[in-house]
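Sequences and hints are given; from them, build the entire structure.
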Amino acid sequence: MSGWTVARLVARTKESDTARTLHLQVPGWPGHLAGQHIDVRLTADDGYQAVRSYSLSAPADGDQVAISVQPAPYGEVSPYLVEEFPEGADIEVRGPLGGWFVWRPDRTEPVLLVAGGSGVAPLVAMLRARLALPDGPAFRLVYSLRRPQERWFGDSLDALDGRSDVAVDYAYTREAAPGATRPVGRVRQEDLLIDGFTPAQRPLCFVCGPTAFVEHCADILVALGHRPDRVRTERFG
Amino acid sequence: MPVQDGNALAGPLSEVFAVEVTSAWRLCPGCGTDSTVGALRVYTMGTAAVARCPHCGEIAFRLARHAETLWLDFGGGGALRIPVTG
Amino acid sequence: MAALTPGFRARRRAPGDRLPPGQFTTEGFPVLSAGPTPVVGTDRWELTLTTETGDRRSWTWSRLMALPQDDLTTDLHCVTRWSKFDTRWGGVSLDVLLEGVDTHATYAWIESYGGYTTNLPLADLRDGKAWIAHTYDGRPLPAEHGGPARLLVPHLYLWKSAKWISGIQLRLTDQQGFWESLGYHDYGDPWREQRTWGD
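Residue numbers (the working numbering), protein chains in the order written: chain A, 129 to 365; chain B, 1452 to 1537; chain C, 92 to 290.
The hints are simulated quantities; they were obtained by calculation from the structure and are not laboratory data.
In this text the structure is predicted, and so the values were computed from the model without any measurement.
Please note that the accuracy of each hint is not assured.
Among chain C residues calculated to face chain B with C-beta under 8 Å, some are [as the list claims (entries may be wrong)]: (1) VAL122; (2) SER124; (3) PRO127; (4) TRP150; (5) SER153; (6) VAL170; (7) LEU189; (8) TRP250; (9) TRP270; (10) GLY274; (11) THR287.
Per the computed footprint, the stretches of chain B lying under chain C, defined by three or more beta-carbons under 8 Å from a beta-carbon of chain C, are [said to hold, decoys possible]: (12) 1489-1497; (13) 1500-1512; (14) 1516-1525.
FRET-style restraints, in silico, Cβ to Cβ [what the hints assert, rightly or not]: (15) A/GLY131 <-> C/ASP134: 52 to 62 Å; (16) B/GLU1519 <-> C/ARG179: 33 to 43 Å; (17) B/VAL1470 <-> C/ASP134: 30 to 40 Å; (18) A/GLY131 <-> C/ARG217: 44 to 54 Å; (19) A/GLY131 <-> C/ALA101: 15 to 25 Å; (20) A/ARG302 <-> C/GLY113: 35 to 45 Å.
In this text, a Cβ means the ideal position worked out from N, Cα and C, and glycines have one as well.
Dropping the structure here:
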């Protein structure tokens, strides 16, 4: 699909106290790969336009796709999408976009996902694409967030309890969950040195989050010995 | 810093190219680093963007969208290698 | 024709005496850059002024600091639509640097550490309208905002106020700089909303 097409907001679901997932119906949606994004274009009645990119946070459900949005303080677009954009209303979208920061289900090597805050969205899309397969490579998500109540996709992540091939570790930076043994703080080398996902196993690594977080984690991964071209990054800027 | 990855330019580039360009490779003429367009470092000002080599910072290309005009400057930014079929 | 997005509005205020059209005010100080932040120590910092005949004068950091200094409070307007009121700067007026320079040039070509360039009429650097700024809010200008020193031309959109300035060439003919050659306006007056070619 190329160019802008009109999508309709069919539902808005809660990810945290502030973040929402928007479920958009896009007639003729061709399907997408986990990690791809869409551009969203908003047009005000005076003709002013704003374009933003949002990662698709789930595999396509027919012609429905999902994006997950954290409202930025004083933001121009994200608070509108979270709080005001009415269900049943239309918005222009373009996509699916991107071919580098994607996970293809025919890959066989282990996958290490490192998420900072809302950077978890495309990585959970990858995790969900893996879970849709009957069998597949080992996945590990390291999810850095400030405190437990800011967690997105809680139901999907809690459903991993008891699995060893697809699992999630939390790295809380301000306030830990009850019973957590890891001291709070930013991601450290030991958080990313995980059995089954060491450089010797040649995993594919995907890192997504704010710029400083991505650079910090990508530096750790390369210092651990991962080849730079196997550490794929997406900075939010 | 408002630095992003080349991934972020997939939408604007889709207005120019018939193929998905962020998975194209670019050998940097400045330092010899081979990287995909998706792995370039992107600096933006409004609706304009500068894509640079992730290693040496040399400019790969510049792109801007102003109203109905799309600007694309490949300057001396090195060849793109785009896998095609057939 | 694009589809309207119901209820979506630009985050802008009604323009007034202080806010140019199409802008909104911010309390923060967003960082915009065309590339990585160059690290330039004041021990090797130098600013060179070159005339159309090739005459050169240059200033090291200590020579710049020995010149008469101005303090000023001004509003900034970025082409990405934010404006910031009452920013406090310290620096050297371009009138001081241009004093006694023999030139018939009408244009100035600005170069920066890191490769950035911009262009503007020489008249816009004169008469108390432009500074080499090295102090922001009472402190040394941080590198992310152009330190050790940047051009400050607050009556034009902020991309004209080149960060990490290294050189000023006085020229008889105009040549487009980094953003000007990618569709941004040659002059960039925020009050006439000169954002891009054709505005």
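Cross-check of the supplied hints:
no., hint, result
1, VAL122, "holds (6 Å)"
2, SER124, "holds (6 Å)"
3, PRO127, "holds (5 Å)"
4, TRP150, "violated (27 Å)"
5, SER153, "violated (30 Å)"
6, VAL170, "holds (6 Å)"
7, LEU189, "violated (28 Å)"
8, TRP250, "holds (7 Å)"
9, TRP270, "holds (7 Å)"
10, GLY274, "holds (4 Å)"
11, THR287, "holds (4 Å)"
12, 1489-1497, "holds (count 5)"
13, 1500-1512, "holds (count 4)"
14, 1516-1525, "holds (count 5)"
15, A/GLY131 <-> C/ASP134: 52 to 62 Å, "holds (54 Å)"
16, B/GLU1519 <-> C/ARG179: 33 to 43 Å, "holds (40 Å)"
17, B/VAL1470 <-> C/ASP134: 30 to 40 Å, "violated (49 Å)"
18, A/GLY131 <-> C/ARG217: 44 to 54 Å, "holds (48 Å)"
19, A/GLY131 <-> C/ALA101: 15 to 25 Å, "holds (24 Å)"
20, A/ARG302 <-> C/GLY113: 35 to 45 Å, "holds (38 Å)"
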